[in-house]
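**Student:** Sequence:
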Amino acid sequence: LFVQIPRILAKKKVDIVLEPRHFGPFNLPKSIKRITFIHDLTPLHHPEWHQFVSRFLQQKFLPTILKRTDHVLTNSEYTKEDVIKHFPVTKNKITSTLLATESFFKPKEDCNQLKKLGIDSPYLLHVGTIEPRKNLNILITAFEKIKQQSEQKLQLVLVGKKGWKSENVFEAIENSPYKKDIKVLGYVERNALIALYSSAEAFVYPSLFEGFGLPLVEAMSCGCPIISSNAACLPEIAGPAGLYFSPTSEAQLIEQLRFVLNSPTKQEELCQLSLQQATNFSWIKTAEETLSVFEQITK
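Residues 1 to 299 in the working numbering are what the sequence shown lists, from first letter to last.
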């Protein structure tokens, strides 16, 4: 990042360097334009969610990177405004370009896929790395209270790899009186994931902070009802398709879960709203907007 890549880029006389992870390459000649992509500012808001080395490097270098870059890209309006707030120097050189999902995310129920995964009851779904930021303990607790207060069969399905500092999530599952109804599937292949999104009672996203929240768009593309925290950019992404709760309020989450689980009519309405909201996200649109930035800074 400091020597080899800058040397190659200078030798090839490239026009633009895009930094997808906003860190390097450094020491580029002034003739090369630089675009920096900021996914979120969690190193500033929640340094405890990052390992020390990563946290230190980003806090040390990010102000200089953003000052020197020719343009900044973010993947939501929320992150764009957050960057401007903390780094006013970016105000006139920043654009948000929303992300999207692959076209194969569409409604497709598949009972055989669910059976293979050990799912034999209605279920709530979460997709994402198991780590502190995802706030899964509040979902597990809310699920337990729903089970205690209702005789209906219900499972909780967690999809995603095990991340760092995830021990307390697995302890909560192990100590749960309903642990047999909590399915931790880890990584699942594409067809299984589509089947899970397509048949869930609701996709529940209790995250404490997101720069975009790609699983929301995947779930909406499959027509899944959305129950999301109102943190950061998530209301921007789910829009009118989502039912929202404070990520620190277990009572609000339980209220929204009951609302969906006890109303088939509302579930169907949310399915249609999800499909409609998903049409706002397109990789073609993202590509066109990104290319427009390339053209803008090379004029």
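Worth flagging that the hints you see were computed from the coordinates, not collected in a lab.
Be aware that a few hints might be false.
Claimed, not checked - Calculated cross-link-like contacts (lysine-lysine; reagent style DSBU-like; alpha-carbon spacing at most 35 Å): (1) K60 x K106; (2) K11 x K91; (3) K106 x K67; (4) K162 x K147; (5) K67 x K108; (6) K33 x K11; (7) K60 x K30; (8) K285 x K11; (9) K33 x K116; (10) K108 x K60; (11) K60 x K85; (12) K116 x K85; (13) K115 x K85; (14) K67 x K11; (15) K116 x K91; (16) K180 x K91; (17) K33 x K266; (18) K147 x K85; (19) K85 x K153; (20) K179 x K153; (21) K93 x K108; (22) K13 x K91; (23) K266 x K13; (24) K11 x K266; (25) K179 x K116; (26) K153 x K165; (27) K30 x K145; (28) K67 x K266; (29) K153 x K266; (30) K91 x K12; (31) K179 x K91; (32) K285 x K91; (33) K108 x K85.
What the hints assert, rightly or not - Ranges of calculated distance between the beta carbons of each label pair, as one might list FRET restraints: (34) H45 x P20: 35 to 45 Å; (35) A251 x G24: 20 to 30 Å; (36) K179 x I16: 50 to 60 Å; (37) N262 x N191: 43 to 53 Å; (38) E189 x H46: 25 to 35 Å; (39) W283 x R21: 43 to 53 Å; (40) Q267 x V14: 32 to 42 Å.
As the structure is a prediction and not an experimental result, all values here were calculated from the model.
Glycine residues also receive a C-beta, built at the ideal position from the N, C-alpha and C atoms.
**Student:** Run every hint past the structure and note whether it holds.
**Tutor:** We went through each hint and held it up to the structure:
no.: 1; hint: K60 x K106; result: violated (42 Å)
no.: 2; hint: K11 x K91; result: holds (32 Å)
no.: 3; hint: K106 x K67; result: violated (41 Å)
no.: 4; hint: K162 x K147; result: holds (25 Å)
no.: 5; hint: K67 x K108; result: violated (46 Å)
no.: 6; hint: K33 x K11; result: holds (15 Å)
no.: 7; hint: K60 x K30; result: holds (22 Å)
no.: 8; hint: K285 x K11; result: holds (32 Å)
no.: 9; hint: K33 x K116; result: violated (50 Å)
no.: 10; hint: K108 x K60; result: violated (47 Å)
no.: 11; hint: K60 x K85; result: holds (18 Å)
no.: 12; hint: K116 x K85; result: violated (48 Å)
no.: 13; hint: K115 x K85; result: violated (48 Å)
no.: 14; hint: K67 x K11; result: holds (25 Å)
no.: 15; hint: K116 x K91; result: violated (51 Å)
no.: 16; hint: K180 x K91; result: violated (51 Å)
no.: 17; hint: K33 x K266; result: violated (50 Å)
no.: 18; hint: K147 x K85; result: violated (43 Å)
no.: 19; hint: K85 x K153; result: violated (47 Å)
no.: 20; hint: K179 x K153; result: holds (13 Å)
no.: 21; hint: K93 x K108; result: violated (41 Å)
no.: 22; hint: K13 x K91; result: holds (28 Å)
no.: 23; hint: K266 x K13; result: violated (57 Å)
no.: 24; hint: K11 x K266; result: violated (60 Å)
no.: 25; hint: K179 x K116; result: holds (19 Å)
no.: 26; hint: K153 x K165; result: holds (31 Å)
no.: 27; hint: K30 x K145; result: violated (59 Å)
no.: 28; hint: K67 x K266; result: violated (48 Å)
no.: 29; hint: K153 x K266; result: holds (19 Å)
no.: 30; hint: K91 x K12; result: holds (31 Å)
no.: 31; hint: K179 x K91; result: violated (49 Å)
no.: 32; hint: K285 x K91; result: holds (23 Å)
no.: 33; hint: K108 x K85; result: violated (42 Å)
no.: 34; hint: H45 x P20: 35 to 45 Å; result: violated (21 Å)
no.: 35; hint: A251 x G24: 20 to 30 Å; result: violated (45 Å)
no.: 36; hint: K179 x I16: 50 to 60 Å; result: holds (51 Å)
no.: 37; hint: N262 x N191: 43 to 53 Å; result: violated (31 Å)
no.: 38; hint: E189 x H46: 25 to 35 Å; result: holds (31 Å)
no.: 39; hint: W283 x R21: 43 to 53 Å; result: violated (19 Å)
no.: 40; hint: Q267 x V14: 32 to 42 Å; result: violated (51 Å)
Checked against the numbered hints given earlier, the structure breaks hints 1, 3, 5, 9, 10, 12, 13, 15, 16, 17, 18, 19, 21, 23, 24, 27, 28, 31, 33, 34, 35, 37, 39 and 40 and satisfies all the rest.
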